[in-house]
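Residue numbers (this note's numbering), protein chains in the order written: chain H, 1 to 98; chain B, 1 to 513.
No wet-lab data here; the hints were simulated from the structure.
Just so we're clear, the structure is a prediction, and the values are computed from it rather than from any experiment.
Any given hint might turn out to be false.
Said to hold, decoys possible - Below, simulated BS3-like cross-link-like pairs (lysine-lysine); rule was C-alpha separation at most 27 Å, straight line:
#1 B:K197 - B:K92
#2 B:K131 - H:K43
#3 H:K38 - B:K128
#4 B:K474 - H:K43
#5 H:K38 - B:K137
#6 B:K481 - H:K43
#7 B:K229 - H:K68
#8 H:K47 - B:K510
#9 B:K92 - B:K229
#10 H:K43 - B:K510
#11 B:K364 - H:K68
#12 B:K92 - H:K38
#13 H:K38 - B:K474
#14 B:K481 - H:K68
#15 H:K47 - B:K481
#16 B:K297 - B:K459
#17 H:K47 - H:K27
#18 H:K47 - B:K474
#19 B:K296 - B:K364
#20 H:K68 - B:K131
#21 B:K27 - B:K57
#22 H:K38 - B:K297
#23 B:K27 - H:K68
#24 B:K459 - H:K38
As the list claims (entries may be wrong) - Label pairs and their in silico Cβ distance ranges:
#25 B:D513 - H:E90: 24 to 32 Å
#26 H:E90 - B:K296: 54 to 62 Å
#27 B:D489 - H:S89: 45 to 53 Å
#28 B:A318 - H:N34: 44 to 52 Å
#29 H:P93 - B:D489: 48 to 56 Å
#30 H:Y92 - B:E292: 45 to 53 Å
#31 H:K38 - B:V505: 20 to 28 Å
What the hints assert, rightly or not - Here are a few chain B residues that face chain H, going by a calculated C-beta distance under 8 Å:
#32 M1
#33 S387
#34 D388
#35 M392
#36 G417
#37 R418
#38 T419
#39 V479
#40 G480
Using N, Cα and C, we set each Cβ at its ideal position, and we do this for glycine too.
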Amino acid sequence: MKIVKTGMAGSLESSDVLITVDSNPGKGRNVNLNSIVKRQYGKQILKVVDETLEQLSVKDAKIRLEDKGALDCTIRARLEAAVYRAAGSESYPWENLT
Amino acid sequence: MSKNAIGREIPEELDGVKLTPFDGAVKHTPLVRQDKGNRQLPRLNKLVDTIEQAVIKSGLQDGMTISFHHHFRSGDYIVNMVMDVISRMGIKDLTIAASSLMAHHDELIGHIENGTVTQLITSGLRGKLAKFVSAGKMGKPVLFHSHGGRARAIEVGQIKIDVAFLGVPSCDVYGNANGYTGPSACGSLGYAMVDAKHSETVVLITDFLADYPNTPFSIDQDLVDIIVKVDAVGDPKKISTGATRITQNPRDLLIARNAADFIVASPYFEDGFSMQTGSGGASLATTRFLTEQMEKKNITASWALGGITSQMVKMHEAGLIKKMLDIQTFDQDSIESIAKNRLHTEIDASYYANPLNKGCAVNKLNVVILSALEIDLNFNVNVLTGSDGVIMGASGGHSDTAIGSGLSVIVAPLVRGRTSTVTENVLTVITPGESVDVFVSDRGIAINPRRKDLIEHFKKVHLPFSTMEELLEKAERLVGKPDSIEFTDRIVGLVEYRDGTIIDVVRQVKALD
């Protein structure tokens, strides 16, 4: 998917994550993670982000995560929503979402 | 033979015992009225005008140990007020032995950085000061003690307090102080009473001078050296709230329901039992569910220990708890209760939990309900460091009541945010697993396998029982397996068990890149 504008999803509530996706033309993926559980789950969160972007075929994007202890499934869902919004796409493949 | 001051012949010694001849009525007692004829003088009071004068008069020197109490909780003005003055006076290398320190005491960071304070002894640390210590920015490691352990250390002289600076809600000009009179009432002065008894010099700081004698008193005039009147010893709104409210959080209520069900089905729930509860959400709610069962089954508690909250006061006034022993009073209702209810009795920290005195109250507890940041497969409990390894809590009376009680119940959610409460090994052990009997969570109840009698007893009872291993697995299925926290070799805190032995150390957390 091609990122064309800023897309956001999530919140700063406990157990949620606020994800902002921005375009980054030709410069690959740039992930910036802030998390209250970075010491314990930082690597795992980055892995989930990477996998999700891979599945959505996002090559170039700036991604900022403000994590308040979200579970993997929450991170995946918020990231997918943010990417779709940032790509300006409203045709969500509900059946095929991870 | 020689003549004494009134001309009587007194032998110098008798049967080998040396005798000191009378030398005048006020010669050897400097604090006694020196001039009978004058009705105004000497003014028999211990008042000085400022904190600075008190510090000078106390003889405070470099390298000494000073103490504070935490009865004013987050409303305390005393620590910052006194340390400001001491720091400005240029006194260095002090040890602060506080019963506990709160988040707003982070002003101490400046006093540590300029060398005024070089060691901390406390039950806990919070906020920026805790982060500062965890980051290895203090020279000497902090010594963490339990409330009972502190009383023991002070009584045996392991902690030798040179000057105690004790904020009191009211006192008279001669030093009779109590905690329930005045605008900054905090209730029990239990922790401060130990300092008053055992410090070399005792300075009382108050914002309410009462008429002499300020009876009933918790700190006696015969222990007090110096008194300072200030505008305010604390912020009343932060010292106590009206009534500690019962949580509406459904998860806490579920934990509380499980805990109450467990206690009611246990052999400890019988007429005349005794109990202590914490002031956390689930713990307080447990009291509410217990109340319903006590009323239904016509069971009353003979006494409660605490940590007194409005919940307990209600039970006491309804006759469900006959007597209350109070080391620390948590809310306005309880402060009013300690002032008016004759069977609501103030106790000091040694009476509460000193393991080496001739009998402390925790020894006679039947049931205690306690919280936990982490609990591990061996039932060791951490209430000091967060899951990121950074100091954020306090030892408190946790280990004291766990071992003293017949049934120690740990209540906590299985998972908080992305953090599992159950771990393979807790980061810091405050309370050893051998003194913990059961863990009650929203996802299941685990009895310590060491308590074979309880496991046998509960075989016939239908409650959501699990093993600790199963609970850990349940949690990790939800949140995943965390990476281990990385520490440096540097020790920033020593955790003293209540008997004075070191049960664990806290290490500096490696900085995140």
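Verification of the hints:
1. Distance hint between B:K197 and B:K92 is fulfilled; the C-alpha atoms sit about 25 Å from each other, no more than 27 Å.
2. A hinted pair counts as satisfied when its Cα atoms are at most 27 Å apart, and B:K131 with H:K43 qualifies at roughly 23 Å.
3. At most 27 Å may separate the alpha-carbon atoms for a hinted pair to count; H:K38 and B:K128 meet this at roughly 19 Å.
4. With a CA separation close to 21 Å, the supplied pair B:K474 and H:K43 stays within the 27 Å bound.
5. Among the hinted pairs, H:K38 with B:K137 is consistent with the structure: their alpha-carbon atoms are about 22 Å apart, no more than 27 Å.
6. A C-alpha spacing of about 11 Å is found between B:K481 and H:K43, which places the hinted pair at or below 27 Å, so the restraint holds.
7. With a C-alpha separation of about 46 Å, the suggested pairing of B:K229 with H:K68 is violated against the 27 Å cut-off.
8. Note on H:K47 and B:K510: the hinted pairing holds, with a Cα-Cα distance of about 22 Å set against a maximum of 27 Å.
9. A hinted pair counts as satisfied when its Cα atoms are at most 27 Å apart, and B:K92 with B:K229 qualifies at roughly 25 Å.
10. Straight-line distance between C-alpha atoms of H:K43 and B:K510 comes to about 16 Å, which keeps the hinted pair within the 27 Å bound.
11. The straight-line distance between the Cα atoms of B:K364 and H:K68 is roughly 42 Å, outside the 27 Å bound, and the hint therefore fails.
12. Taken as a hint, the B:K92 and H:K38 pair is broken in the structure, with Cα atoms around 38 Å apart against an allowance of 27 Å.
13. For the hint linking H:K38 to B:K474, the alpha-carbon distance of about 22 Å falls within 27 Å, and the restraint holds.
14. Simply put, B:K481 and H:K68 have alpha-carbon atoms about 17 Å apart, close enough for the 27 Å limit, and the pair holds.
15. Straight-line distance between C-alpha atoms of H:K47 and B:K481 comes to about 14 Å, which keeps the hinted pair within the 27 Å bound.
16. A threshold of 27 Å between alpha carbons decides the hint, and for B:K297 with B:K459 the separation of about 22 Å falls inside it, so the pair holds.
17. Of the supplied pair hints, the one linking H:K47 and H:K27 holds, its CA atoms being roughly 19 Å apart against a limit of 27 Å.
18. Only pairs whose Cα atoms come within 27 Å are accepted, and H:K47 paired with B:K474 is accepted, the gap being roughly 22 Å.
19. Restraint check for B:K296 and B:K364: the C-alpha separation of about 25 Å stays at or below 27 Å, so the hint holds.
20. Taken as a hint, the H:K68 and B:K131 pair is honoured in the structure, with Cα atoms around 19 Å apart against an allowance of 27 Å.
21. Only pairs whose Cα atoms come within 27 Å are accepted, and B:K27 paired with B:K57 is accepted, the gap being roughly 22 Å.
22. Pair hint H:K38 plus B:K297 does not hold up; C-alpha atoms about 49 Å apart against a cutoff of 27 Å.
23. A distance of roughly 70 Å separates the Cα atoms of B:K27 and H:K68; the hinted pair therefore is violated under the 27 Å criterion.
24. Under the criterion of a C-alpha separation no larger than 27 Å, the hint pairing B:K459 with H:K38 is inconsistent with the structure, at around 42 Å.
25. With their beta carbons about 39 Å apart, B:D513 and H:E90 fall outside the hinted range of 24 to 32 Å.
26. Here the CB-CB span from H:E90 to B:K296 is close to 57 Å, well matched to the stated 54 to 62 Å.
27. Checking the proposed 45 to 53 Å range against B:D489 and H:S89 shows it holds: the Cβ atoms sit about 52 Å from each other.
28. Between B:A318 and H:N34 the CB atoms are about 50 Å apart, so this pair conforms to the stated range of 44 to 52 Å.
29. Restraint check, H:P93 to B:D489: a C-beta distance of roughly 52 Å satisfies the suggested window 48 to 56 Å.
30. For H:Y92 and B:E292, the Cβ-Cβ distance of about 48 Å falls inside the hinted range of 45 to 53 Å, so the restraint holds.
31. Distance hint check for H:K38 and B:V505: the Cβ-Cβ separation is about 24 Å, which falls inside the suggested range of 20 to 28 Å.
32. Checking B:M1 against chain H: minimum C-beta separation of about 82 Å lies over 8 Å; hint violated.
33. The interface hint given for B:S387 holds, since its Cβ lies 6 Å from the closest Cβ of chain H, which is under the 8 Å cut-off.
34. For B:D388, the shortest C-beta to C-beta distance to chain H is roughly 5 Å, which falls under 8 Å, so the interface hint holds.
35. A cut of 8 Å between beta carbons decides the hint on B:M392: the least distance to chain H is about 12 Å, and the hint is violated.
36. Of the supplied interface hints, the one on B:G417 holds, with its beta-carbon coming within about 3 Å of a beta-carbon of chain H, less than 8 Å.
37. Proximity of B:R418 to chain H holds as hinted, the smallest CB-CB distance being about 4 Å (cut-off 8 Å).
38. The beta carbon of B:T419 is positioned within 8 Å of a beta carbon in chain H (closest approach about 7 Å), and the interface hint is therefore held.
39. Annotation: B:V479 was flagged as interfacial toward chain H, and the flag holds, the nearest CB pair being 6 Å apart, inside 8 Å.
40. Look at B:G480: its Cβ gets to within about 6 Å of chain H, closer than 8 Å, so that hint holds up.
Comparing the model with each numbered hint stated earlier shows that hints 7, 11, 12, 22, 23, 24, 25, 32 and 35 do not hold.
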